[in-house]
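Student: Chain by chain, the residues run as shown.
Number of protein chains: 2
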Amino acid sequence: MPSFIDELPPLPDGYHIRKICSDDYGRGALEVLKALTTVGEITNKEFEHTIETWARHPEIYHTLVILDLSETVVAIGSVIVESKLIHHCGKVGHIEDIAVRPNQQGKKLGCTLIRHLIKIAGSLDCYKVILDCDPANEMFYAKCGLSKAGTEMQFRF
Amino acid sequence: MPSFIDELPPLPDGYHIRKICSDDYGRGALEVLKALTTVGEITNKEFEHTIETWARHPEIYHTLVILDLSETVVAIGSVIVESKLIHHCGKVGHIEDIAVRPNQQGKKLGCTLIRHLIKIAGSLDCYKVILDCDPANEMFYAKCGLSKAGTEMQFRF
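These protein sequence lines map, in sequence, to chains D and R. Each residue of the first sequence is one higher than the one before, counting from 1 in UniProt numbering. Each residue of the second sequence is one higher than the one before, counting from 1 in UniProt numbering.
Some hints could be false.
Which copy is meant is left open, because identical chains are indistinguishable; a pair holds if it fits in one copy or across any two.
Said to hold, decoys possible - Computed list of lysine-lysine pairs in BS3-like fashion (alpha-carbon distance at most 27 Å, straight line):
#: 1; residue 1: Lys34; residue 2: Lys91
#: 2; residue 1: Lys107; residue 2: Lys45
#: 3; residue 1: Lys143; residue 2: Lys34
#: 4; residue 1: Lys19; residue 2: Lys91
Hint data in this document are derived by calculation from the structure and do not stem from the laboratory.
Next up, chain D with everything else stripped away, as it sits in the complex (with noise of 0.2 Å):
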């Protein structure tokens, strides 16, 4: 499916897409991810320090953020990609925390920003790409180009 993977749909007028930087602490990256999940008080030494522990990782660790016309933060999303053995020591992207702002929903781009990752995972030669979602956004992600794979399975601590 080259053209689903090459052809990325357009941002909003105004909008770009780039890496996370330590920078993006003060154009509103956590209230984005409050919008998905418990996110807790992060002081901005503590978000450094996460995304100095992705730099140390290049190539396991890529977050995008999707920002606006006045460069605030609107949507993040994160592909881990793990090296196995399995699949001819083969590739997995796995999609974590996308989280789109509130206020910015109907702009597809939580889409836009998967459709981002995928091709970043693809050009690391991933052989596929997985997320675990609630049942309830399953609709939203096969809409996305994704299809029900299995199931999740949680221990916490």
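Go by the hints and put chain R onto chain D.
Tutor: For chain R alone, kept in the frame of chain D given last:
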């Protein structure tokens, strides 16, 4: 559930568990994975390359093998520890590629391996461990202490 994490089930007499190493190529590590999925013909050099990739990220990749009395690999499994922004810069362990040699089934090696991987994730401060499985295997993972959490979606290149 501290007892669940701390009290690991015993292995059969003479069996032992440890981190994977390059020499496990000759001990049948790939044969075990072939019981799980497509592996392909991987050379010793390719195997070593993946082990070295994992070793370059020791805080992320944790792969364990169980060996029998004859020093043959009889089970293998990994936990990938992901650093996140959500949950106060929390970490999640992704359990991947659990496989048991077919003639070694029924000795609870799979569950024992998972319990060891969960313990590693806990010792690294993960707030949860997740894995994706075929719906047919939900009961097996439930017996290992995990519960159903969500749906796995995929995109295949």
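Student: From the Cα coordinates, with 27 Å as the cut-off, is the pair lysine 107 and lysine 45 best called within, between, both, or neither?
Tutor: neither (32 Å within a copy, 48 Å between copies)
Student: What label fits lysine 34 with lysine 91 when the C-alpha limit is 27 Å: within, between, both, or neither?
Tutor: between (30 Å within a copy, 17 Å between copies)
Student: Within, between, both or neither: how does the pair lysine 19, lysine 91 come out at a Cα-Cα threshold of 27 Å?
Tutor: Close inside one copy (21 Å) and across copies (21 Å); limit 27 Å.
Student: One pair to classify: lysine 143 and lysine 34, alpha carbons no more than 27 Å apart. Within, between, both, or neither?
Tutor: Only inside one copy: lysine 143 and lysine 34 sit 24 Å apart there, 33 Å across copies, limit 27 Å.
Against the hints set out earlier in the document, a violation occurs for number 2 only.
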